[in-house]
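**Q** So the sequence lines, in the order shown, correspond to chains A and B. Heads up: the first sequence at position 16 corresponds to 16 in the numbering used here, and the numbers run straight through without jumps. Heads up: the second sequence at position 227 corresponds to 227 in the numbering used here, and the numbers run straight through without jumps.
Everything labelled a hint here was simulated from the structure, so no lab data went into it. For glycine and all other residues, C-beta sits at the position ideal for the given N, C-alpha and C. The reader is advised that the hints may include incorrect statements.
[Claimed, not checked] Which stretches of chain B does chain A cover? Using the computed rule of at least three CB atoms under 8 Å from a CB of chain A, they are:
no., region
1, 160-171
2, 174-186
[As the list claims (entries may be wrong)] Distance windows between CB atoms, simulated:
no., chain 1, residue 1, chain 2, residue 2, range
3, B, 174, A, 95, 17 to 23 Å
4, A, 189, B, 118, 44 to 50 Å
5, B, 113, A, 26, 37 to 43 Å
6, B, 125, A, 135, 56 to 62 Å
7, B, 73, A, 83, 57 to 63 Å
8, B, 115, A, 92, 49 to 55 Å
9, B, 162, A, 67, 17 to 23 Å
[As the list claims (entries may be wrong)] In silico contact screen, one side only, chain A against chain B (beta carbon under 7 Å); selected entries:
no., residue
10, 79
11, 81
12, 99
13, 115
14, 128
15, 156
16, 158
17, 189
18, 248
19, 287
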Amino acid sequence: MTIYENHQHDTATEHEGAAQKNAVELGRIDAQQLSIRLGNGASEFEAVQAVDFNIKPGEFVCLLGPSGCGKSTLLGALAGHIVPASGVLNVDGQAIDGPSPERGMVFQHHTLLPWLNVIDNVAFGLKMRGVAKPDRHAQALAMLKQVGLEDVATRWPSQLSGGMQQRVEIARVLINKPRLLLMDEPFGALDAQTRMKMQQLLLDIWGRIRTTLVFVTHDIDEALFLADRILVMSPRPGRIIENLPVNFARPRRTELVTTPEFMLLKRHCLDLLSHEEGRQLPRLSPLGLPPETRTAV
Amino acid sequence: MASLPKTNALPTRLSTAGMQFGSVAACVLLWHIASTLRLDLGLITFSNVPTPHAVINAIWQLLQSDTLLPHLGSSLARVFSGYAMAAIAGVSLGLAIGRSRKVENWLMPPLELLRPIPAVAWIPLAILMFPSSEASMIFITFTGALFPILLNTIHGVEAVDPRLIASSRSLGASPRAILREVVLPGALPSIFTGLSIGMGTSWFCLVTAEMISGQWGIGYYTWSSYVIQNYADIIVGMLLIGLLGMGSSWAIKRIGDWLTPWYRLQGKS
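Work the whole structure out from these sequences, hints included.
**A** Structure, rendered in structure tokens:
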């Protein structure tokens, strides 16, 4: 934790980044009548039903909805881990065909390779592209600096705190310069304090390294604080029930969450999600059904 | 696996070591008493069991004779060639079976049938199948080591977190790179567990295998000592096999620890 605290990010850098918002050209998402089915045989069900949406290059969009509403499934389809049943899902006019470094994915729990130290984990994507070791280490170190973790480059992932692991994960994905950054409740497993710092840090990084960001969460505050736009989803079958623009000025600070405007939007989101209360659906994952629910669903 | 850490204060550790040494000493003492008194308990008799003193003399004699090295040499050569083949076959088959449902369906049924057959049951067939007795002995140690290595490799491969594979694909890893960078290292701790157990079973099978040996080998030495009624030498042979088996399993474990430094850190999760 100590290293984390030493590197508390100066929010001023976000300001800087927001000012030079150079136009991002790649990373447009188009979905038309997109349906995704999960499970086999009798237990098969429609996790996402005929959704339509467009996301502009460089936009920060949150998918908000209760557990099991299909938002992670939708993210999995964007990553290329799940094949849609029907409809169109295009990135920059191209249909998605399997996972790609162009579409970086961050899971709720980190997926750093335990046998590689931090810097080699960050450099993994470059190694896969055949970049020579000194070169990829230099780039990885630069990327670690961006997330404030250059001091832990030689540690094992298991020696880091949860927040640091997620920061390394973000660095590892961003080193591939993806068109899309896909995040599945990336801060869901962190404590409230760390979570707030990570949200700030993410906005800060996104201000500097511009990419389309699709962020899945069930936390209304988180979605409102981060996003340019929120797509609110309802469960079983998963549909988009509202397309909600969030026009708070950037850079955003934690004080935002207590302003009346924020509260108003939060109330609105609570109303949208309230009629789903009492239904507990199993959490879906971007890789399809979690193994333990495969038979139960 | 995850035994609770006992206290690690120095005095406790010393007394733990003392107790462990004491228990071994007590066993030797009981053996000494039983064998010098030629204790006959009806169900079990110590009247033909050599005394610790006789065994120490026999060890001394073996150390001074020039037969120890050929015995050791031929046994080590057999164990290691059988073991090396089992390691190569077990790990590569295990990776293939663990990664591919098709390969699993094709290869697992016959392997499951062969698995429960003990090494000693293979001896007659091994003699018939292999023209040289050396080859049949190596084959026996091979069968002993193969299955623990194979099964632990399969288990290790199947236990690799699918999220690690998914995110590596998202980072641009090809199927080959996934095998090399994700599956193999992920399965490595389990593979080494198999390699270490396999080393032990390889030595178990050695005595069985060397019953068909003509002249050399620790197993042969032990068995022939019985035949020619050198009872103290039986125990020398047993101790040697125990020591060599323990030593080589330990060496494999150390190599494994050295190759998987991350594994101890994450608490074997």
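**Q** Using the Cβ atoms, figure out if residue 125/B sits within 56 to 62 Å of residue 135/A.
**A** holds (57 Å)
**Q** Does 17 to 23 Å hold as the CB distance between residue 162/B and residue 67/A, or does it fail?
**A** With Cβ atoms ~21 Å apart, the hint holds.
**Q** Tell me if the interface restraint on residue 81/A is satisfied: Cβ within less than 7 Å of some Cβ in chain B.
**A** Interface hint status for residue 81/A: holds (5 Å vs cutoff 7 Å).
**Q** Take the C-beta atom of residue 189/A and the C-beta atom of residue 118/B, compute their distance, and say whether it sits inside 44 to 50 Å.
**A** holds (49 Å)
**Q** Close enough to count: is the Cβ of residue 79/A nearer than 7 Å to one in chain B?
**A** holds (6 Å)
**Q** Would you check whether residue 248/A satisfies its interface hint, that is, whether its CB is within less than 7 Å of any CB in chain B?
**A** violated (31 Å)
**Q** Is the interface hint for residue 99/A satisfied, with its Cβ closer than 7 Å to some Cβ of chain B?
**A** holds (4 Å)
**Q** Holds or violated: the hint that residue 156/A contacts chain B, with Cβ atoms closer than 7 Å.
**A** holds (5 Å)
**Q** Checking C-beta pairs, does the region 160-171 of chain B have three or more residues closer than 8 Å to chain A?
**A** Since three or more residues must qualify, the claim that chain A covers the region 160-171 of chain B holds, with 10 doing so at under 8 Å.
**Q** Against chain B, with CB atoms and a cut of 7 Å, does the hint on residue 158/A hold up?
**A** At 4 Å from the nearest chain B Cβ, residue 158/A passes the 7 Å test, so the hint holds.
**Q** Using the beta carbons of residue 174/B and residue 95/A, state whether their distance is inside 17 to 23 Å or not.
**A** The hinted range 17 to 23 Å holds for residue 174/B and residue 95/A, with Cβ atoms some 21 Å apart.
**Q** State whether the coverage of the region 174-186 of chain B by chain A holds or is violated, taking the criterion as 3 or more residues with Cβ-Cβ distances under 8 Å.
**A** Our answer is that it holds, as 6 residues pass the Cβ test (under 8 Å) against chain A, meeting three.
Comparing the model with each numbered hint stated earlier shows that hints 5, 17 and 18 do not hold.
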